[in-house]
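Given chain V, work out where chain L should sit, using these hints.
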Amino acid sequence: MLDLSSRVGAYCGKLLADLGADVIKVERPTGDRLRRVPPFRRGAHDDEPGLLFAWYNNNKRGITLDWMRTDAVPLLAELASSANVVVVSPDARERLATFAEKSPHLAWVPAGTTLCSITPFGLTGPWRHWRATPFTTFASSGQMHAVGPDEGPPWAMPGQQLYDQASTRAATMVVAILAGNVAAQTVDVSAQEVGAWQYHVIQRFGSSGRILTRATNFGPPPGGVWKCRDGSIDIAAHSTHHWDVFVELLGSPEDLVEPLYREREMRAQLFDVLTLIIADHLADQSASELVRRGQAMGLPCALRYQPEEFLQDEQPRARGAFVDVHHPDLGDIRLPGPIVQTVPPLLAYRRPAPSLGGSNREVFVDELGHDPSELEEWSACGLV
Amino acid sequence: MVSSEPTASESRQPLSGVRVVALGAFVAGNVCPLVLAELGADVVKIESRQRPESLRSYFSPDHDVILEPSGIQTTAMFSCLTRSMRSVCVEADQPGGVATLRSLARRADILIENMGPGVMERWGCSYSELAAENPRLVMLSISGYGRSGPRGDYRAYGSSIANYLGLASVWAHDGVHFDFVAAYHGALVALGAWARAARTGLGTYLDLSQVESGMAPMAPLYLDALVNGRPWSYGPNEVPGAVLSAAVRCAGEDAWAAVEIEDLDDLRVLADVLDRPELVASNDDDARAVAADARACLEEWAKTLTPMQVSFKLQQAGLAAAPVQNTEDLWRDPQLRARAAFVEIEHPDVGLLEHPESPDRMSVTPGRVRGRARRLGEDTVAVLEEWLDLDGAEIEALRRGGAVFQVDDAGT
Numbered sequence: 001m002l003d004l005s006s007r008v009g010a011y012c013g014k015l016l017a018d019l020g021a022d023v024i025k026v027e028r029p030t031g032d033r034l035r036r037v038p039p040f041r042r043g044a045h046d047d048e049p050g051l052l053f054a055w056y057n058n059n060k061r062g063i064t065l066d067w068m069r070t071d072a073v074p075l076l077a078e079l080a081s082s083a084n085v086v087v088v089s090p091d092a093r094e095r096l097a098t099f100a101e102k103s104p105h106l107a108w109v110p111a112g113t114t115l116c117s118i119t120p121f122g123l124t125g126p127w128r129h130w131r132a133t134p135f136t137t138f139a140s141s142g143q144m145h146a147v148g149p150d151e152g153p154p155w156a157m158p159g160q161q162l163y164d165q166a167s168t169r170a171a172t173m174v175v176a177i178l179a180g181n182v183a184a185q186t187v188d189v190s191a192q193e194v195g196a197w198q199y200h201v202i203q204r205f206g207s208s209g210r211i212l213t214r215a216t217n218f219g220p221p222p223g224g225v226w227k228c229r230d231g232s233i234d235i236a237a238h239s240t241h242h243w244d245v246f247v248e249l250l251g252s253p254e255d256l257v258e259p260l261y262r263e264r265e266m267r268a269q270l271f272d273v274l275t276l277i278i279a280d281h282l283a284d285q286s287a288s289e290l291v292r293r294g295q296a297m298g299l300p301c302a303l304r305y306q307p308e309e310f311l312q313d314e315q316p317r318a319r320g321a322f323v324d325v326h327h328p329d330l331g332d333i334r335l336p337g338p339i340v341q342t343v344p345p346l347l348a349y350r351r352p353a354p355s356l357g358g359s360n361r362e363v364f365v366d367e368l369g370h371d372p373s374e375l376e377e378w379s380a381c382g383l384v
Numbered sequence: 001m002v003s004s005e006p007t008a009s010e011s012r013q014p015l016s017g018v019r020v021v022a023l024g025a026f027v028a029g030n031v032c033p034l035v036l037a038e039l040g041a042d043v044v045k046i047e048s049r050q051r052p053e054s055l056r057s058y059f060s061p062d063h064d065v066i067l068e069p070s071g072i073q074t075t076a077m078f079s080c081l082t083r084s085m086r087s088v089c090v091e092a093d094q095p096g097g098v099a100t101l102r103s104l105a106r107r108a109d110i111l112i113e114n115m116g117p118g119v120m121e122r123w124g125c126s127y128s129e130l131a132a133e134n135p136r137l138v139m140l141s142i143s144g145y146g147r148s149g150p151r152g153d154y155r156a157y158g159s160s161i162a163n164y165l166g167l168a169s170v171w172a173h174d175g176v177h178f179d180f181v182a183a184y185h186g187a188l189v190a191l192g193a194w195a196r197a198a199r200t201g202l203g204t205y206l207d208l209s210q211v212e213s214g215m216a217p218m219a220p221l222y223l224d225a226l227v228n229g230r231p232w233s234y235g236p237n238e239v240p241g242a243v244l245s246a247a248v249r250c251a252g253e254d255a256w257a258a259v260e261i262e263d264l265d266d267l268r269v270l271a272d273v274l275d276r277p278e279l280v281a282s283n284d285d286d287a288r289a290v291a292a293d294a295r296a297c298l299e300e301w302a303k304t305l306t307p308m309q310v311s312f313k314l315q316q317a318g319l320a321a322a323p324v325q326n327t328e329d330l331w332r333d334p335q336l337r338a339r340a341a342f343v344e345i346e347h348p349d350v351g352l353l354e355h356p357e358s359p360d361r362m363s364v365t366p367g368r369v370r371g372r373a374r375r376l377g378e379d380t381v382a383v384l385e386e387w388l389d390l391d392g393a394e395i396e397a398l399r400r401g402g403a404v405f406q407v408d409d410a411g412t
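Residue numbers (my numbering), protein chains in the order written: chain V, 1 to 384; chain L, 1 to 412.
Hints are not guaranteed to be accurate.
Calculated cross-link-like contacts (lysine to aspartate or glutamate; reagent style EDC-like; alpha-carbon spacing at most 20 Å) [as the list claims (entries may be wrong)]:
| # | chain 1 | residue 1 | chain 2 | residue 2 |
| --- | --- | --- | --- | --- |
| 1 | V | 227 | L | 174 |
| 2 | L | 303 | L | 272 |
| 3 | V | 227 | V | 308 |
| 4 | L | 313 | L | 299 |
| 5 | L | 303 | V | 151 |
| 6 | L | 303 | L | 254 |
| 7 | L | 303 | V | 150 |
| 8 | V | 227 | V | 289 |
| 9 | L | 313 | L | 265 |
Listed below are several chain V residues computed to face chain L (Cβ distance under 10 Å; list not exhaustive) [as the list claims (entries may be wrong)]:
| # | residue |
| --- | --- |
| 10 | 38 |
| 11 | 56 |
| 12 | 129 |
| 13 | 131 |
| 14 | 135 |
| 15 | 147 |
| 16 | 165 |
| 17 | 175 |
| 18 | 179 |
| 19 | 181 |
| 20 | 193 |
| 21 | 219 |
| 22 | 268 |
| 23 | 339 |
| 24 | 341 |
Ranges of calculated distance between the beta carbons of each label pair, as one might list FRET restraints [said to hold, decoys possible]:
| # | chain 1 | residue 1 | chain 2 | residue 2 | range |
| --- | --- | --- | --- | --- | --- |
| 25 | V | 77 | L | 51 | 57 to 63 Å |
| 26 | V | 272 | L | 122 | 37 to 43 Å |
| 27 | V | 260 | L | 67 | 23 to 29 Å |
| 28 | L | 150 | V | 366 | 45 to 51 Å |
| 29 | V | 349 | L | 51 | 39 to 45 Å |
| 30 | V | 332 | L | 382 | 53 to 59 Å |
| 31 | L | 58 | V | 74 | 56 to 62 Å |
| 32 | V | 210 | L | 126 | 41 to 47 Å |
| 33 | L | 348 | V | 231 | 44 to 50 Å |
| 34 | L | 402 | V | 271 | 39 to 45 Å |
| 35 | V | 273 | L | 402 | 40 to 46 Å |
| 36 | V | 366 | L | 51 | 58 to 64 Å |
| 37 | L | 201 | V | 309 | 40 to 46 Å |
It is worth saying that the hints were derived from the structure and are not from the lab.
Where a beta carbon is used, it is the ideal one built from N, C-alpha and C, also for glycine.
So here's chain V without its partners, still in its complex pose (with noise of 0.2 Å):
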């Protein structure tokens, strides 16, 4: 697989890595831009990736590439002819010289294989060439505005997480084509509507007419965050058998043992003098030892952590759930580890994330047959 996305694609390639695809990053000589995005090990040198491209390109191989220059067309098809799959995600700033605008093909792409476009709006309609981040995608995708504070501003969500929705859906669909055995094609994922898919899915202007509006929490007490002694912990009461576990973990205090509040409908007119009535019988508890007690119960509750105190918990630690990584540039560093555990063994982390044309004379020269002299010369002049 040749890898030429920018970042809302640059997780469909890792994934397809760790289900143990050969993938080869294709960088133009300048980097890759998450090479440049904080966090950074030690701070922003030339020659330490950002971790952000050290955790999205994790089991890839890596190479260099000017696609911009029309003199890269024929080693881009030599790379391709031995491909089953070309990832790209061609944006406002870093299109594609060869890309065909009439036709979402690239001329240099062979019949036989399938190409998968992952961009911010997709290939088609009027806002194909927008320009986008994470941040304005999101926005656009209809998952912000219902949240945050009531005055506003809406909040985004932080991350790219819509952009890795996106490349999820978009490995999928590589791993249905390929081991389906239809005919290689284009594929056009367009993060924004990965984005509001999810969210029509569960609520439906088309059918309701209601415009959501901002609101902290949902569902009526005692769903939603309560503080505790020591932390808060985050409350999911969805059935009439959830409140019943709750008043009973809370040893059947007098003010809430009342059969109305068994009413969901109830609760819900009641919700401010309920939340007084809980908040006060959860201050002097234990976070830790409430959740623990209430899961034996079988009242789905959890510990609510800051995204550093998760990387604490005993329970990622006992699954293994992060892997250690020796990096050439940036030495030893702790990624998360494998997104599903199987048995047998399914995903594998094999490599890190390729330094800068690391991969150059294996691809170029040991695998393609070029003579080294020729690599040298696309290096004197700026082409890989």
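Here is chain L on its own, set in the frame of chain V:
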């Protein structure tokens, strides 16, 4: 408009002929098989009349209680999340119920479950028991925390995981994000294992947790802590490395546009657009100092423009900007409409609804809605005939004993 049931005569899709048993509930347990169904798989959703899944009766502010003719409740959300699948009603606690489940698993390529801890084992449907009869079986178990470890038997919803992983603390309460994250990852790894089974005959058990699948898209928030011991320290709408990122108030009711100025070049362009030549910076330190002024100027400029005007003007200059779309904006969205991202589906109990069409766009074999959500037990007899080759008398015996249920033509 889509109203018919899935038929065998459709053109070939990547997963045509792949058989999936879905013992899934709520969002993750339905979205995962839904993705496979819309890529062509024959997905059989196992339901129970005795214990209908809670999503069928989940509170909706948008409509009154909807009953199927058999008396089972349904909702608009349920009809959207279970479209494209077939509904088979099996009662595991009735004589012959578990045997029917195991027979279906014997004929399946993939089985997806997110039942409570210990349920599959209690039914004699653990992976080792099912694989003994079907060694090629790919079994995907989706759970909140994984099936091992000190929190391995915990119950969880998407909101629990958003709090546990730390997303809720640094962003906001969220109900379903990690359901979708787990569902999409589950569909991918199930197919990866199915591809291996097709090649080698070797089945796989997949223990997929919302926690571990959620750690991947959360990586940008974890990396600094994992490598440098530094916690995530960014405020709302702050983008690491960007000169400026903000949701700016525009003209109109609760109207906002999202703007990101990624680097110094962008800042120069913004200064031009705003006609504020004083907003210059020659290095990153300067840029941080100028950012506050730039933001104030941007907000002043945007407040007489609509979100779409702000987006168009900045896009024309080559900058990243987009309207912060609310539920109605998204329904009108010209981009989604131009890409035909909606499809009307008629359901006999829920009515005519506009659904999002599959976003899995492939030029030759596109993902697509295969049919409306089925009533509980609407396809029981058809699937028992097609998958298990049972004859009329055998099916009748199972129905009389209460192991399976099939609605009649009137839906009762």
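Here's how the hints hold up against the structure:
{"no.": "1", "hint": "V:227 to L:174", "result": "18 Å, holds"}
{"no.": "2", "hint": "L:303 to L:272", "result": "18 Å, holds"}
{"no.": "3", "hint": "V:227 to V:308", "result": "19 Å, holds"}
{"no.": "4", "hint": "L:313 to L:299", "result": "14 Å, holds"}
{"no.": "5", "hint": "L:303 to V:151", "result": "15 Å, holds"}
{"no.": "6", "hint": "L:303 to L:254", "result": "11 Å, holds"}
{"no.": "7", "hint": "L:303 to V:150", "result": "19 Å, holds"}
{"no.": "8", "hint": "V:227 to V:289", "result": "13 Å, holds"}
{"no.": "9", "hint": "L:313 to L:265", "result": "17 Å, holds"}
{"no.": "10", "hint": "38", "result": "5 Å, holds"}
{"no.": "11", "hint": "56", "result": "8 Å, holds"}
{"no.": "12", "hint": "129", "result": "8 Å, holds"}
{"no.": "13", "hint": "131", "result": "5 Å, holds"}
{"no.": "14", "hint": "135", "result": "5 Å, holds"}
{"no.": "15", "hint": "147", "result": "5 Å, holds"}
{"no.": "16", "hint": "165", "result": "6 Å, holds"}
{"no.": "17", "hint": "175", "result": "5 Å, holds"}
{"no.": "18", "hint": "179", "result": "4 Å, holds"}
{"no.": "19", "hint": "181", "result": "8 Å, holds"}
{"no.": "20", "hint": "193", "result": "4 Å, holds"}
{"no.": "21", "hint": "219", "result": "8 Å, holds"}
{"no.": "22", "hint": "268", "result": "9 Å, holds"}
{"no.": "23", "hint": "339", "result": "5 Å, holds"}
{"no.": "24", "hint": "341", "result": "5 Å, holds"}
{"no.": "25", "hint": "V:77 to L:51: 57 to 63 Å", "result": "58 Å, holds"}
{"no.": "26", "hint": "V:272 to L:122: 37 to 43 Å", "result": "42 Å, holds"}
{"no.": "27", "hint": "V:260 to L:67: 23 to 29 Å", "result": "25 Å, holds"}
{"no.": "28", "hint": "L:150 to V:366: 45 to 51 Å", "result": "48 Å, holds"}
{"no.": "29", "hint": "V:349 to L:51: 39 to 45 Å", "result": "41 Å, holds"}
{"no.": "30", "hint": "V:332 to L:382: 53 to 59 Å", "result": "57 Å, holds"}
{"no.": "31", "hint": "L:58 to V:74: 56 to 62 Å", "result": "58 Å, holds"}
{"no.": "32", "hint": "V:210 to L:126: 41 to 47 Å", "result": "43 Å, holds"}
{"no.": "33", "hint": "L:348 to V:231: 44 to 50 Å", "result": "49 Å, holds"}
{"no.": "34", "hint": "L:402 to V:271: 39 to 45 Å", "result": "42 Å, holds"}
{"no.": "35", "hint": "V:273 to L:402: 40 to 46 Å", "result": "45 Å, holds"}
{"no.": "36", "hint": "V:366 to L:51: 58 to 64 Å", "result": "60 Å, holds"}
{"no.": "37", "hint": "L:201 to V:309: 40 to 46 Å", "result": "44 Å, holds"}
The earlier numbered hints are all upheld by this structure, with none contradicted.
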